[in-house]
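Asker: Throw the hints in and build the complete structure from the sequences for me.
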Amino acid sequence: MSLFSSLQVAASGMSAQRTRAEMLVENMANAETTRTPQGGPYRRKDVVFSSDTQASPFSAVFQNEVGTGVRVADVVEDTSAPELRYQPGHPDANADGYVAYPKMNPAEEMVDLLNASRSYQANVSAISAVKDMIGHSLDILK
Amino acid sequence: MLNGISSNLERYMDLLSARQKLVASNIANADTPGYQTQDVDFQFEYASMIQGEQPQIIQAQGLKTKADGNNVDLDREARLLAENAVRFNVASTLLRGKIKLVQQAIQGGNGA
Chain A
2 MSLFSSLQVA
12 ASGMSAQRTR
22 AEMLVENMAN
32 AETTRTPQGG
42 PYRRKDVVFS
52 SDTQASPFSA
62 VFQNEVGTGV
72 RVADVVEDTS
82 APELRYQPGH
92 PDANADGYVA
102 YPKMNPAEEM
112 VDLLNASRSY
122 QANVSAISAV
132 KDMIGHSLDI
142 LK
Chain B
160 MLNGISSNLE
170 RYMDLLSARQ
180 KLVASNIANA
190 DTPGYQTQDV
200 DFQFEYASMI
210 QGEQPQIIQA
220 QGLKTKADGN
230 NVDLDREARL
240 LAENAVRFNV
250 ASTLLRGKIK
260 LVQQAIQGGN
270 GA
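Sequence lines, in order, name chains A and B.
Take 2 as the starting number for the first sequence in my numbering and just add one per residue.
Take 160 as the starting number for the second sequence in my numbering and just add one per residue.
Mixed in with the good hints, there may be bad ones.
Straight-line Cα separation of at most 25 Å, DMTMM-like style, residue types lysine to aspartate or glutamate; simulated pairs [said to hold, decoys possible]:
1) A/K132 / B/D234
2) B/K257 / A/D140
3) B/K257 / A/D133
In short, the hints are calculated from the structure, not lab data.
Answerer: Below, the structure is given as C-alpha cells:
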C-alpha cells in the first residue's frame, strides 16, 4: 500500500524543513555573537537538501516503490570573512579596535524562514490529503 | 460479479495512490537543488498497467527550471494533490456502492 509510504515522504519533507527553520532561527539568534567554542565570531549555517532514494528501505525490498523523500544531506558553514565594526571598548576587539561580527543579512534570513514555513505547510497539506484518502478507503468496508 | 468494474476501480485507485505519493515527493523536494518533478502518464498507465505492478515514472514536462536546477511548481502540485484526493474519494464511493449491492443480494434484499 503506497498510501502509507506517502505519509513517510511528506513527513521527511516536514522534518527537513523544520531543521532548516531551526538553522535559520539559530543564525538570527547569533547575529551579534562574537564568541564561539571554536573561537572567533559565529558563522551562519545553511542546510543542504538532497532527495532520499528510499523513504522506507524495508518496503523497498518487497516492491520497487515510486517516489522519494528528502533529507538534510549536510549543514554548511559560511566561510566568508566576518564583518568588522570599529568598537575599541569591546573585549573582543583586535589590536586596531575592530570587532569581528558574523556576516549576516537579517532580511535574507527572514525570507528564507518564510520559505521554510510555507514549504512545511505544503507538506502538512500533503499529509492531510493522504490521510483523507486512507480514511475513505477504510470506509469502503463500512 | 464484483470483478468487472471493481478491478478497474482498484487499478484506478492504485494508480491514484502511486501518483499521490509522487506529488508528496515533489512537495517534499520543493527546495532540493537539481530535483526534477516526477509524474506518471496516467492514461497510458491506466490502459496498460498490470495489477500490482508499479507504474513507470516520467519527468513532468513544460515546467520552469529555477536557478538551482529544481523545477517543482507548488501550484501544480497543490492542484494535483486535491485532484487525486477527490478522484480517489469518488472511486472509493463507487466501489463501496458496488460492494453494498452484492451484500444486499447475499442477504436477499433484507440488508439495507
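Asker: Now tell me, hint by hint, if it's right for this structure.
Answerer: Each hint, compared with the structure:
no.: 1; hint: A/K132 / B/D234; in the structure: 20 Å, holds
no.: 2; hint: B/K257 / A/D140; in the structure: 13 Å, holds
no.: 3; hint: B/K257 / A/D133; in the structure: 21 Å, holds
In summary, this structure violates none of the numbered hints.
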